[in-house]
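Chemist: Protein chains in written order, with my numbering: chain A, 1 to 380; chain B, 381 to 760; chain C, 761 to 1162; chain D, 1163 to 1564.
Rather than coming from a laboratory, the hints here were simulated on the basis of the structure. Mixed in with the good hints there might be a few duds.
If you only want the chain A side, here are some residues facing chain B, beta carbon under 10 angstroms, derived [stated by the list, open to error]:
1. F278
2. Q279
3. A280
4. L281
5. K282
6. H283
7. R284
Mimicking EDC-like on lysine to aspartate or glutamate, the simulated pairs with C-alpha atoms at most 20 angstroms apart in a straight line are [unchecked claim]:
8. D:K1557 - A:E269
9. D:K1481 - A:E7
10. A:K167 - A:E155
11. C:K857 - C:E843
12. B:K654 - D:D1564
13. D:K1354 - B:E649
14. A:K13 - D:E1478
15. A:K167 - A:D190
16. D:K1502 - B:D726
Here a beta-carbon is modelled for each residue, glycine too, at the ideal position from N, C-alpha and C.
Okay, here's what each chain looks like letter by letter:
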Amino acid sequence: MALVLNEDQQLFKNTAADFVKRESPVSRLRRLRDSGDQDGFSRELWGRMAELGWQSIIIPEAYGGLGMGYLDLACVLEECGRNLVPEPLISTLLLGANAVLLGGSEEQKSEILPRVAEGSMLLALAYHERGARYDCCRCETRAERGENGYTLQGEKVLVFDGMAADKLLVSARESGAANDRNGISLFLLDPNAAGVELSAQSTVDTRKAAVLRLSGVEVPAAALLGSSGEAGTVLSEVIDRATAGLCAEMLGSMQGASAMTLDYLKTREQFGVKIGSFQALKHRAVQMFVELELSRSAVLGACDAIDQGSEKTAELISVAKARCSDAAVLIAHEGIQMHGGIGMTDEHDIGFYAKRARACELTFGDAAYHRDRYARLQGF
Amino acid sequence: MALVLNEDQQLFKNTAADFVKRESPVSRLRRLRDSGDQDGFSRELWGRMAELGWQSIIIPEAYGGLGMGYLDLACVLEECGRNLVPEPLISTLLLGANAVLLGGSEEQKSEILPRVAEGSMLLALAYHERGARYDCCRCETRAERGENGYTLQGEKVLVFDGMAADKLLVSARESGAANDRNGISLFLLDPNAAGVELSAQSTVDTRKAAVLRLSGVEVPAAALLGSSGEAGTVLSEVIDRATAGLCAEMLGSMQGASAMTLDYLKTREQFGVKIGSFQALKHRAVQMFVELELSRSAVLGACDAIDQGSEKTAELISVAKARCSDAAVLIAHEGIQMHGGIGMTDEHDIGFYAKRARACELTFGDAAYHRDRYARLQGF
Amino acid sequence: MGELEEFRKETEAWLDANCPPSMRWSETPGTNPALNDDLAWGGRKATYPNPEVKQWLDLMAEKGWTAPTWPQAYGGGGLSKAEAKILSEEMRRLRIKPPLVGFGLTMIGPLLLEYGSEEQKLRFLNEVCRGEIRWCQGYSEPDAGSDLASLRTRAILDGDEWVVNGQKVWTSYADLSDWMFCLVRTDPDVRKQEGITFLLFDMESPGVSVKPIELISGYSPFCETFLEDVRVPKDQVVGGVNNGWTMAKALLGHERSMISEAFHEREESNQLVDLADKYIGRDVHGRLADATIRDRIAQLTMNKACLDLTLRRSKEAAKQGQQPGPESSIFKYYATELNKDRTALALNVLGPQALGWEGDGFDAAELQATRSWLRARGNSIEGGTSEVQLNIIAKRVLGLPD
Amino acid sequence: MGELEEFRKETEAWLDANCPPSMRWSETPGTNPALNDDLAWGGRKATYPNPEVKQWLDLMAEKGWTAPTWPQAYGGGGLSKAEAKILSEEMRRLRIKPPLVGFGLTMIGPLLLEYGSEEQKLRFLNEVCRGEIRWCQGYSEPDAGSDLASLRTRAILDGDEWVVNGQKVWTSYADLSDWMFCLVRTDPDVRKQEGITFLLFDMESPGVSVKPIELISGYSPFCETFLEDVRVPKDQVVGGVNNGWTMAKALLGHERSMISEAFHEREESNQLVDLADKYIGRDVHGRLADATIRDRIAQLTMNKACLDLTLRRSKEAAKQGQQPGPESSIFKYYATELNKDRTALALNVLGPQALGWEGDGFDAAELQATRSWLRARGNSIEGGTSEVQLNIIAKRVLGLPD
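Produce the entire structure from the sequences given, and follow the hints as far as they go.
Modeler: What follows is the structure in structure tokens.
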């Protein structure tokens, strides 16, 4: 096990940092928002990320990927988080590609994963339903098996980057009650198929999502991802990995917000002195720093556990998400408060960080949810 | 309704403050502890309190009392709390006399209450059993009805001032399961009766309590307080009133501890300046002050509600106890931390306040318990 | 029947007879619209959501009851404190909305009553009472913030006029206001608090320009106001030249008590519980199904109860003629921090639906909750930051050394 | 097989053959006695709970393994770092307790190795290794506290001896120690850090008197030490006259890392869950029956997990030869605050039974929990208060201005 980056990883991380710094300052996110960009990100930049191999990191070599681990991926995600880079790594790679990787047949993997790795295919995982909160197995969308395939009926919300996706992965229930882990299947879906309606959602952090309405959508039998009725387990593991990845991104965003706030404390003057010389603010700044260091340890611990196939993986992912959620909200709120009036204006970037922090907090489970899950996993 | 003291009450409070300041500095509590005093308080001072009418405040005029209210009583309790006065107002008056007042027959009230009012009788309420936490109706002690009375069997713990009491009031179950509100009766018990064993407990706040073991204790039918099997309701109301009283005492203790800490901040020097000039400590001192002011409002609100017979009384008592518990612990912990090393020594008085704060917190329900109760009372 | 009882009877009858239906609060809990939506703010640029709003303003202004205790000579009602209390009680009982709101009544009006010249009072207060003038406040400046006294907007006397240059920020609704009251530096060579003057001017004066500020919540209640060679007649100084700091402190007191009052508006129901009912639901015992959310809602609800009791305590003391006690120092700080906590917790209650900003799949309450959380971040900044509040309490109330 | 593997095999065989049964940790989780109870602290006044403790000390000292990496000339084992690591691993694997603990090995020993004269090393280190001398630390003074440099204990040179007058507080177990290492002021006329000297002296020197301090927890691990004309030979200065501040900083580093290490001791089981099982119990789903207590236990357990991961991260970086990262600055602060939180929460888990101090009706674990809560209050005071830690991090790590 290793909680410290090796030389290769450090180099990889530095390269990512340079790229992000050069190509995607926060002002790019603002421009995308203000121009009303439909995707909310740049397909051109996505292609260049693929050239750097980012979409290949966790895809096995057999499917055209690099076969690297989550500690490696975390290096990239952290740097993306630092500048709030909006490209769909979480949705396409961590949700979409992971669902194929963990749940798909050999044929499906061979068809889809190379295209994700080369940056030519965008995926979205449509699993979340209104009212499900953080239960990925809560599924009322139905799949009726017919002679030549399935008929899908139901509604999904908050399908991240669902409007831009080339292919959708949809969870639907073949049997069981709404909360059962068993009885759920995953289907590959063409967004242009008959009966599929997608409508756009904008989220508080200026990202894009979709409502997906399925009205008697017919899909062939080959659209079934992996085995029938067993997607509950796949989904749980996919969400866990996506959570670890999101935590790495949050770690970067926290650093971005902290650095901005510390910089303000060191330059802004009031009452004739730098406000960073006020002891009360100093102590609060240290609290932010403490949270940041603990978050870093938790993220490294979770990613390392995935890479090692540790039996403590789920616990460590909950430790990371709980810690990152609380830390991100603290740093967001303190960031605005310490900036004072200017922090309340849309003109200043700190607000983008605050909004992203809470959006991340409320994605894949907030701190209280993960404390409860951790206790359950630990048997209390 | 009134949340501000009127002139009479203010005068009453000032008199109490003078008396406590003169007769019972914290050093008296220390002396009582160090001398191994068995009662843990002074019967002589108890008598002088009776001369001031303190034990008479909430006893109706019909039974030799003053027939005043809880706002009046709170004035005295707050001043007692300020110097950690150990005399048994909570145990004799708020628990014992209240049980008689709310649950007893006319005859029992006439016999007991005047003697409490004149300071010649000490009472203790034996209701709490090991493992009951904060449920006053959790009762495994049994009362078997016989031809001429009852036989009591069981064990009570943390009977406050039980060793010193002239009379014990004991809850015992005639019917029902261990947690039932119905089926509990209260009995008047002579501590010297056959089969009664009392053994001393010292609590962290240098107060005294007792374990009461009842081995086939025979009591006459006349020992039954009020109606058979209906003491659950009486106990609940008694504990509520005692809780309001304890909150008033806690309010005083918090002020004592805060004043001591503020004084230290204003006099202690480090790095060449008064430590109270450090902004981080200032802001934390203000937090203590804020908690104190909110606690005062909550205590006044609860006492006023009792006096007015408000239907919101139970909610307001929970508001007060939750607030006072959290505030007292905060002020206790900050008190030690701000005093630094000297605050850790037994020689300094701040430790007495810290210990009392937590003992009070864990008596009649801590903050989490009262938040839960409040939510239940409010229907959520 | 005493005179006051007579007055109560007449007042009730008049109010009930004259107040139009739409100017009464709904009796159904939870259905009251946001406060600002159908209240009259007055001024030249005023728009009224429906004619009854204007009708009610005119009726009340005619009786002087937009400012019940102000002298009749200035457009007020000339009521005694006891009469004004009765009016307010009857309006509350009949669920009648105020006919007019804004800084004219709550801030500049009281200041002029105390410090204004007779001419100023006659001129401005009558306009205020009739809802003909809307005011904004020019205090904050780009680099001043919490350090109000370091303001840099400069006024230089040129004949009978002050020539003002500088920039104000955080002027609430400057774009909808007619006049501004503001602080300007008139003597740069003395201690910074001593060279400040309190000025009034018309927002249509040449050289005044206004730019709304967009907040993180998406709303724009504040503006930047640029002042370029704005000429202000000498008689529009209030309280004397270089005496502005005294005016500022008097007004700041008004503002802080106003802000904590704003958070005191009694809730018709417990919004957090309503939200939790919808998004979390109940368990078999009828309790909110998530015990930690329940605990946090209870905590904040109980904190609110403590704050309300504290406000009541302070009001009762005032009624008994006592000086404001130390508890009054915590209102602004605690009310705003509590509101921040409540709006922040609401998002945890909503869960993923709190991610909404716009588009399909979010209902109005969800979108509002997220924006309210963002908007509330400013509560502990505007009108004196929480940090400044804590400094003040540490010094003035606790007497801690500098 | 390489040399190291050979060493490992021999070491394991020797340890297993020689370590007496009582010097091995129990394998049953949760039944380990408190650390201090059966460990050897050494010194002239040492008492041993059973003869095997002394036997184990002597056996290990003979091999030099009480201080494995110290040179053999000073009584150490002369082992390489790699060998010492193997020894430590094998001891852990065989659950063998350390043969000797105390300030001699962890504080004054390393300091003497770096700064002591050859004579001092030969004299003191051998005694330390054999457990013949127990040391205490004389740093804090009654009015110094966090401001260590303002110490006032005065030493004046008189011939070949320093004459020391003053008072020390918070000397851990001064009553059980043989020698003290301390800071004294030798030049009052320079900047306060510059006139300090690091001295060693025998606690039996005339003029030394010791008074234990009773803590709020009822324990007395610390003393006040009074120094009245104590004569200390010149050759008992370490690191040179007026160079004590450098010594102090070196030692403080040792102390802080020791304190955070102490809190790192892996728990055999989650004590808070064990307590909650006993005092609260489980619901029908097998969960702790009180969901808010469960949430708080989970929170503190997860905080501990984060701290442990951070310590591991730091150790791994050190192994890779990296400089200590910024994370190492938080250990002392966070470990002590966390321990305070955990001991404080334990009382809420216990409920009313946490009221116990002595007498009937409380079991040993209940009485211990209450005293542990009190004892833990000092964690964030001793060895540098949390406030001083925060100041240091703000300045050195975050670079915030003074």
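Chemist: Please work out if K857 (chain C) and E843 (chain C) have their alpha carbons no farther apart than 20 angstroms.
Modeler: holds, 18 angstroms
Chemist: Is K1502 (chain D) within 20 angstroms of D726 (chain B), Cα to Cα?
Modeler: Roughly 19 angstroms between the alpha carbons, so the hint for K1502 (chain D) and D726 (chain B) holds.
Chemist: Within 20 angstroms, alpha carbon to alpha carbon, are K1354 (chain D) and E649 (chain B)?
Modeler: holds, 16 angstroms
Chemist: Between K13 (chain A) and E1478 (chain D), is the straight-line Cα distance small enough, at 20 angstroms or below?
Modeler: holds, 19 angstroms
Chemist: Could you check if A280 (chain A) really has its C-beta closer than 10 angstroms to a C-beta on chain B?
Modeler: Hint holds; A280 (chain A) Cβ to chain B Cβ min 4 angstroms, cut 10 angstroms.
Chemist: Would the hint linking K1557 (chain D) and E269 (chain A) be met if the CA-CA limit is 20 angstroms?
Modeler: Since the Cα atoms of K1557 (chain D) and E269 (chain A) sit roughly 18 angstroms apart, the hinted pair holds (cutoff 20 angstroms).
Chemist: Should the hint that Q279 (chain A) touches chain B count as held when the rule is a Cβ pair under 10 angstroms?
Modeler: holds, 4 angstroms
Chemist: Hey, K654 (chain B) versus D1564 (chain D), does the alpha-carbon distance stay inside 20 angstroms?
Modeler: Answer holds: K654 (chain B) to D1564 (chain D) is near 17 angstroms, not above 20 angstroms.
Chemist: Go through the hint on K282 (chain A) and say holds or violated, using the shortest Cβ distance to chain B against 10 angstroms.
Modeler: OK, holds: K282 (chain A) within 10 angstroms of chain B, min 7 angstroms.
Chemist: Is the hint on F278 (chain A) kept, meaning its closest Cβ partner in chain B is under 10 angstroms away?
Modeler: With a minimum Cβ separation of about 5 angstroms from chain B (threshold 10 angstroms), the hint on F278 (chain A) holds.
Chemist: Given the proposed pairing of K167 (chain A) with D190 (chain A), does the C-alpha separation stay at or below 20 angstroms?
Modeler: holds, 5 angstroms
Chemist: Let's test the interface hint: is any C-beta of chain B closer than 10 angstroms to that of H283 (chain A)?
Modeler: holds, 4 angstroms
Every hint, counting from the list given before, is met by this structure.
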